[in-house]
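Visitor: Construct all of the structure, not just a fragment, from the sequences and the given hints.
Protein chains: 2
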Amino acid sequence: MGKITQKMEKLSPGRIGLLLHIGEHHKLVNLGIGEPNFNTPKHVIEAAIRSLQSGNTHYSPDAGTLELREAIVEKTERDNGFTVDPESEVIVTAGTSPGVFGAILATIGKGDEVIIPSPSYFAYESIVQIAGGKPVFVTATEKNQFVPELEKIAEAITPKTKMIIVCSPTNPTGAVWDRNIVTGVADLATDHDFLILSDELYEQLVYDGLRVHSPAAISGMFERTITINGLSKSHAMTGFRLGWLIAPNEIIAGFSKIHQHSSICAPTTSQAAALAALTGPDEPVKTMLVEYDRRRKLLANGINGKIPLLSTTSPKGTFFMFVNARELLVKHHDDMMKFLKTKGRAFLESLPKHMFNIGHLNRSGSLVAMLYLISATKVLTVSGDWFGPGGEGFLRVSFAQTYENIEKAIDKMAEGIEYLQ
Amino acid sequence: MGKITQKMEKLSPGRIGLLLHIGEHHKLVNLGIGEPNFNTPKHVIEAAIRSLQSGNTHYSPDAGTLELREAIVEKTERDNGFTVDPESEVIVTAGTSPGVFGAILATIGKGDEVIIPSPSYFAYESIVQIAGGKPVFVTATEKNQFVPELEKIAEAITPKTKMIIVCSPTNPTGAVWDRNIVTGVADLATDHDFLILSDELYEQLVYDGLRVHSPAAISGMFERTITINGLSKSHAMTGFRLGWLIAPNEIIAGFSKIHQHSSICAPTTSQAAALAALTGPDEPVKTMLVEYDRRRKLLANGINGKIPLLSTTSPKGTFFMFVNARELLVKHHDDMMKFLKTKGRAFLESLPKHMFNIGHLNRSGSLVAMLYLISATKVLTVSGDWFGPGGEGFLRVSFAQTYENIEKAIDKMAEGIEYLQ
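Chain order of the listed sequences is H and S.
Each residue of the first sequence is one higher than the last, beginning at 33 in the working numbering.
Each residue of the second sequence is one higher than the last, beginning at 33 in the working numbering.
You may find that some hints are simply not true.
Copies of one chain are not kept apart here, so a pair can be met inside one copy or by any two copies together.
[Stated by the list, open to error] Subject to a maximum C-alpha distance of 30 Å in a straight line, what follows is the list of computed BS3-like cross-link-like pairs (lysine-lysine): (1) Lys107 x Lys385; (2) Lys363 x Lys192; (3) Lys192 x Lys39; (4) Lys444 x Lys338; (5) Lys42 x Lys166; (6) Lys42 x Lys142; (7) Lys363 x Lys440; (8) Lys166 x Lys192; (9) Lys192 x Lys42.
These are computed hints drawn from the structure, not numbers from a lab.
Guide: And the structure:
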């Protein structure tokens with residue numbers, strides 16, 4: 033008997049798991065994981081402590097406390113421009129991951145196609161596969177700042193299309209979709225009768241005066257849109273595991289069957305913290321954004337000016353930069369591979385077998401570059417190929433790190449690449 | 033287009049959701065939800081607060097902090113008698129629900145059969161259905177104190193059997209399996225090559241000097257056993273959402289693919305709290321257990337001595353009593369139904385439609401009794417039929433409530449039933 037299902041065996045091995053593992057076991061400059069280095073705002077921590085002290089440590093309603101749901105509804109009206117019923121159209125989740133996971137499981141059945149703009153967060157593909165659906169990628173290019181073209185999306189639609197995933201700002205590319213493309217996608221969804229899953233986790237992290245457009249705010253679209261959001265990135269609250277899902281009642285009814293069996297409810301201390309984050313002062317978020325912008329410029333200038341063979345266009349949102357490493361790979365793929373098989377060998381062999389095996393190196397140059405940079409320069413970035421078609425040849429580099437560490441990482445990467453020349 | 037999948041439409045509507053909803057919107061004595069009324073032990077709260085104050089609010093490794101995994105391993109050796117590798121055989125989860133959910137999704141494919149002793153926690157059936165598997169119930173009877181007979185389990189095995197679920201002590205019946213039945217099930221699993229999922233969440237809550245037997249501790253069984261445990265019930269920590277899963281590496285590898293996409297990691301504050309719970313003083317748990325035992329006797333004596341037409345055998349574990357209401361139903365089913373359709377009507381109509389509709393009343397006498405007791409006596413219990421075959425005709429009554437509230441509930445239920453006579 034195979035202990036796990038064939039479907040599960042076929043899924044890509046742990047990626048976040050591998051990143052977190054390397055971060056835990058190796059001393060390095062971590063530009064890998066999407067983890068704000070900031071402290072959670074003080075008023076949020078204080079609210080969490082007050083909640084614990086008051087004995088608020090029991091289950092909440094499965095949809096979350098009514099107070100928090102009302103605060104989410106108010107935030108959504110204010111920032112995203114659409115109204116939501118707190119009783120029947122919002123569910124608080126333990127991070128945004130259970131929201132994305134449960135939403136896809138509730139709506140995607142065997143054979144249903146899900147259009148996934150690529151490069152994008154690798155969980156989408158895996159979750160669609162777990163649900164029995166078929167991921168259909170639409171590749172965006174660096175030339176278009178990683179925003180997919182509407183025509184290409186239209187071409188990907190078939191009678192089996194059940195959903196498109198919209199994630200703007202986009203992890204890993206930092207792409208921000210303008211109003212035209214969002215409206216265009218909404219029209220396609222209406223014409224061809226499919227759903228939109230809009231992952232808006234990076235909504236607050238946009239630069240250059242841009243803003244984010246929520247599909248659910250477009251007239252008639254609420255009924256076919258699942259909106260996912262949370263506070264992990266905007267408020268440096270990743271460890272709280274707090275997010276939410278907004279959808280029409282019919283989808284909530286399906287989702288809640290999964291949610292009650294896979295979560296019961298989000299952690300109550302985190303719910304109290306989230307209420308404070310949504311109703312308290314805005315300054316901490318604004319201060320972080322100014323600092324992220326400063327780091328964004330540092331990193332872009334460093335990569336384009338100081339590191340040979342790497343280049344980047346500056347992202348418009350998130351705290352990720354999708355760095356072009358094609359020239360590096362053309363010139364030094366074999367050198368890096370050789371390094372990994374000699375000096376880097378002990379590091380590669382230290383990685384858990386269910387997360388990595390050496391055969392993976394033959395599949396992706398980006399992965400070779402990622403592992404080379406870890407073992408030769410102690411800088412953690414992420415292989416672009418993990419993010420689907422269009423990602424090979426790139427590295428995702430996070431600037432959710434201190435200014436000083438980003439400076440250090442630039443110098444180390446420059447050194448590590450000069451060493452190959 | 034149907035927005036949710038057919039599979040999801042067929043699933044039973046929200047049950048925990050309905051309980052939590054009623055608990056939130058109605059002032060009543062809540063003997064419904066499995067929620068300890070105790071405060072979380074002080075040293076646990078203090079550890080959570082210290083963790084928040086120290087800025088420990090970021091992601092942990094996806095398997096949980098190494099410190100906590102080591103404490104879990106130590107607890108397991110001490111209490112459960114088997115050894116576990118903290119690096120590759122344990123994953124910390126946000127409550128036990130994501131553990132049960134992900135474990136079944138990772139191992140059960142289309143057509144696989146899962147033996148579920150019944151009555152038991154309703155999530156198992158739904159999760160097996162979500163995974164595409166087939167639940168096969170083995171009914172236990174009150175006469176055997178709700179422990180299933182080994183012969184009946186053996187009869188339920190087919191070549192498609194992939195797993196049996198063991199939950200001892202059992203929610204909702206309080207049954208505790210003795211060594212013979214656990215060993216017998218282990219032999220069957222070996223002979224017929226299937227897995228055991230052992231949900232040990234109520235392990236600490238056993239009375240009359242009994243103890244719990246972990247299947248994974250039996251020689252050769254670790255390789256085919258998934259052990260689920262947590263602190264929600266023993267340490268009154270439901271709101272923390274903290275549990276763990278122990279399994280052989282092959283299953284961990286499959287499970288972690290689901291876990292990283294559906295959770296990323298358990299909340300970090302809760303992980304710090306759990307570490308304190310596992311390594312700190314044991315007295316709070318023992319004190320709670322003594323008090324639960326006192327309440328257990330109060331409730332059993334009250335039901336058997338003071339309330340007409342209800343009876344119970346005293347449970348050996350958990351804080352649930354599975355109360356026989358068959359006599360009540362034989363004599364007064366129609367009276368209760370009539371009450372619900374007149375005086376109780378407004379209450380029924382206040383329930384969210386995706387959780388309840390009036391047609392459900394025709395399917396289960398237990399549900400009629402549950403709703404009658406809510407609307408006529410303001411006491412919340414749970415319909416036995418929700419827990420699968422063998423549950424119809426019973427009510428699950430929790431004694432995780434104050435002594436005074438249990439006294440009050442006994443008086444109110446007695447009054448409500450006398451009213452029908």
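Visitor: Checking each numbered hint in turn, tell me which of them this model violates, lowest number first.
Guide: Structure breaks hint 2 only.
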